[in-house]
Amino acid sequence: MSEHQYHPTVGEMSSDDVVIRAARPEDCKEILRMIKELAVYEEMAEKATLTEDALREDAFGDQPYYRALVAEVPSDGRDETRLIGYAMYYFCYCPWLGRAIYLEDFYVEPEYRGGGIGTSIMKEVAKIGVKHRCSKMQWVCLNWNDVAISFYKKHGGKDVT
Amino acid sequence: MTSQAFVIRAARPEDCGEIARIIKELAAHQGLGHKETVAEEALREDAFRDDPYFRALVAEVPRDVNSPDSGTRLVGYAMYYFCYSPFVRRVMYLEDFYVEPAYRAHGIGTSLMKAVAKIGVESNCTKMQWVCLNWNDVAISFYKKHGGKDVTVEENWHLFRMDREELLAFTEA
Numbered sequence: 001m002s003e004h005q006y007h008p009t010v011g012e013m014s015s016d017d018v019v020i021r022a023a024r025p026e027d028c029k030e031i032l033r034m035i036k037e038l039a040v041y042e043e044m045a046e047k048a049t050l051t052e053d054a055l056r057e058d059a060f061g062d063q064p065y066y067r068a069l070v071a072e073v074p075s076d077g078r079d080e081t082r083l084i085g086y087a088m089y090y091f092c093y094c095p096w097l098g099r100a101i102y103l104e105d106f107y108v109e110p111e112y113r114g115g116g117i118g119t120s121i122m123k124e125v126a127k128i129g130v131k132h133r134c135s136k137m138q139w140v141c142l143n144w145n146d147v148a149i150s151f152y153k154k155h156g157g158k159d160v161t
Numbered sequence: 162m163t164s165q166a167f168v169i170r171a172a173r174p175e176d177c178g179e180i181a182r183i184i185k186e187l188a189a190h191q192g193l194g195h196k197e198t199v200a201e202e203a204l205r206e207d208a209f210r211d212d213p214y215f216r217a218l219v220a221e222v223p224r225d226v227n228s229p230d231s232g233t234r235l236v237g238y239a240m241y242y243f244c245y246s247p248f249v250r251r252v253m254y255l256e257d258f259y260v261e262p263a264y265r266a267h268g269i270g271t272s273l274m275k276a277v278a279k280i281g282v283e284s285n286c287t288k289m290q291w292v293c294l295n296w297n298d299v300a301i302s303f304y305k306k307h308g309g310k311d312v313t314v315e316e317n318w319h320l321f322r323m324d325r326e327e328l329l330a331f332t333e334a
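Protein chains in written order, with the working numbering: chain A, 1 to 161; chain B, 162 to 334.
Read the hints as simulated data drawn from the structure, not as lab findings. All C-beta atoms in this analysis are idealised placements derived from N, C-alpha and C, irrespective of residue type, glycine included. Wrong hints could be hidden among the right ones.
[Said to hold, decoys possible] What the simulated footprint calls covered on chain A by chain B, stretch by stretch (three residues with Cβ under 8 Å from a Cβ of chain B suffice, anywhere in the stretch; the number is not a length):
id, region
1, 45-52
2, 58-66
3, 86-94
4, 98-105
5, 126-133
6, 138-148
[Said to hold, decoys possible] Quick list of the computed label-pair ranges, beta carbon to beta carbon:
id, chain 1, residue 1, chain 2, residue 2, range
7, A, K154, B, D225, 51 to 61 Å
8, B, R224, A, E26, 50 to 60 Å
9, B, K279, A, G116, 42 to 52 Å
10, A, L97, B, R224, 30 to 40 Å
11, B, V312, A, D62, 28 to 38 Å
12, A, E42, B, N297, 28 to 38 Å
13, B, W291, A, R21, 28 to 38 Å
14, A, R24, B, E326, 25 to 35 Å
[As the list claims (entries may be wrong)] Pairs of lysine-lysine residues, derived as DSS-like cross-links and limited to a Cα-Cα distance of at most 27 Å, are as follows:
id, chain 1, residue 1, chain 2, residue 2
15, A, K29, A, K127
16, B, K310, A, K158
17, B, K310, A, K47
18, A, K153, A, K127
19, A, K36, B, K288
20, B, K288, A, K158
21, B, K279, A, K47
22, A, K36, B, K310
23, B, K305, A, K47
24, B, K288, B, K306
25, A, K131, A, K158
26, A, K123, A, K29
27, B, K196, A, K127
28, A, K47, B, K288
29, B, K288, A, K29
Turn these sequences into a full structure, and let the hints steer you where they fit.
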């Protein structure tokens with residue numbers, strides 16, 4: 001088992017226990033782990049070849065190619081924390097409406113689902129969009145992913161394809 | 162017009178007035194001339210800053226081919242930005258490109274698209290993406306001729322969107 005012995009379940013955790021914050025360079029190892037977990041779920045495991053260094057350089061180098069938020073929970077009952085979710089996003093543009101925000105990826109570890117963390121992460125990205133005067137948020141979804149499609153439509157997303 | 166008569170170059174802050182005009186023309190061309198488009202000042206602020214929201218190339222021709230000192234005007238543009246994929250890192254995104262009707266069929270559109278693709282290659286982008294309306298047969302043929310694939314058809318990707326109204330409702334809920 002990992003060094004993190006204590007895994008508070010969604011039922012035990014209050015929403016105060018989950019912190020959604022901007023990613024830091026030292027988070028990249030855990031973000032990579034979660035990217036690989038999401039790739040397995042999307043049946044694209046062989047495509048997740050990115051390295052931790054590349055992830056770090058691309059977000060925290062001279063020019064950010066993406067930005068990320070992470071969801072953090074307490075671990076081991078002490079001051080330690082671990083990451084159980086992330087979102088990757090970047091800014092785009094539309095000649096009609098100007099600034100837009102693009103949600104590239106977001107993920108919550110399976111045992112932490114059902115408690116609203118995914119919604120909170122997506123909401124935080126949307127809030128960043130609103131704060132930057134973005135007129136829309138866009139993302140893609142595979143057309144067979146009914147769970148994701150229901151989730152998006154429930155929150156006001158439209159399938160523009 | 163000869164193929165040497167046009168120049169594709171990076172947009173400059175002073176081009177934003179012309180780019181705004183071109184965007185408005187594109188809107189009118191699509192029957193959406195009544196809709197608001199991004200103003201010149203916003204374009205300038207958003208493209209020419211440390212962390213730009215977009216970048217642009219412009220297609221420039223002499224105002225008067227017979228008079229070298231007549232100055233130039235812009236007859237087309239391409240808007241692009243960098244995106245990201247956790248699988249392949251940097252991605253080039255072609256948001257828009259347009260050539261005024263009178264200047265079409267001279268390869269300017271292909272040159273604009275090629276120039277964006279070249280920037281993508283030079284910037285280590287692994288792919289270039291863009292959207293297209295599925296009824297736009299002319300554009301679809303053009304893209305397929307140059308090697309573009311429709312990944313909605315081939316890979317089942319759908320584009321989702323929340324417009325400003327949905328964004329505000331979602332974030333305030």
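Here is how each hint holds up against the structure:
no.: 1; hint: 45-52; result: holds (count 4)
no.: 2; hint: 58-66; result: holds (count 5)
no.: 3; hint: 86-94; result: holds (count 6)
no.: 4; hint: 98-105; result: holds (count 5)
no.: 5; hint: 126-133; result: holds (count 4)
no.: 6; hint: 138-148; result: holds (count 7)
no.: 7; hint: A:K154 with B:D225: 51 to 61 Å; result: holds, 59 Å
no.: 8; hint: B:R224 with A:E26: 50 to 60 Å; result: holds, 56 Å
no.: 9; hint: B:K279 with A:G116: 42 to 52 Å; result: holds, 45 Å
no.: 10; hint: A:L97 with B:R224: 30 to 40 Å; result: holds, 32 Å
no.: 11; hint: B:V312 with A:D62: 28 to 38 Å; result: holds, 30 Å
no.: 12; hint: A:E42 with B:N297: 28 to 38 Å; result: holds, 29 Å
no.: 13; hint: B:W291 with A:R21: 28 to 38 Å; result: holds, 33 Å
no.: 14; hint: A:R24 with B:E326: 25 to 35 Å; result: holds, 33 Å
no.: 15; hint: A:K29 with A:K127; result: holds, 26 Å
no.: 16; hint: B:K310 with A:K158; result: holds, 23 Å
no.: 17; hint: B:K310 with A:K47; result: holds, 19 Å
no.: 18; hint: A:K153 with A:K127; result: holds, 18 Å
no.: 19; hint: A:K36 with B:K288; result: holds, 20 Å
no.: 20; hint: B:K288 with A:K158; result: holds, 26 Å
no.: 21; hint: B:K279 with A:K47; result: holds, 24 Å
no.: 22; hint: A:K36 with B:K310; result: holds, 26 Å
no.: 23; hint: B:K305 with A:K47; result: holds, 25 Å
no.: 24; hint: B:K288 with B:K306; result: holds, 17 Å
no.: 25; hint: A:K131 with A:K158; result: holds, 21 Å
no.: 26; hint: A:K123 with A:K29; result: holds, 24 Å
no.: 27; hint: B:K196 with A:K127; result: holds, 26 Å
no.: 28; hint: A:K47 with B:K288; result: holds, 14 Å
no.: 29; hint: B:K288 with A:K29; result: holds, 25 Å
Comparing the model with each numbered hint stated earlier shows that all of them hold.
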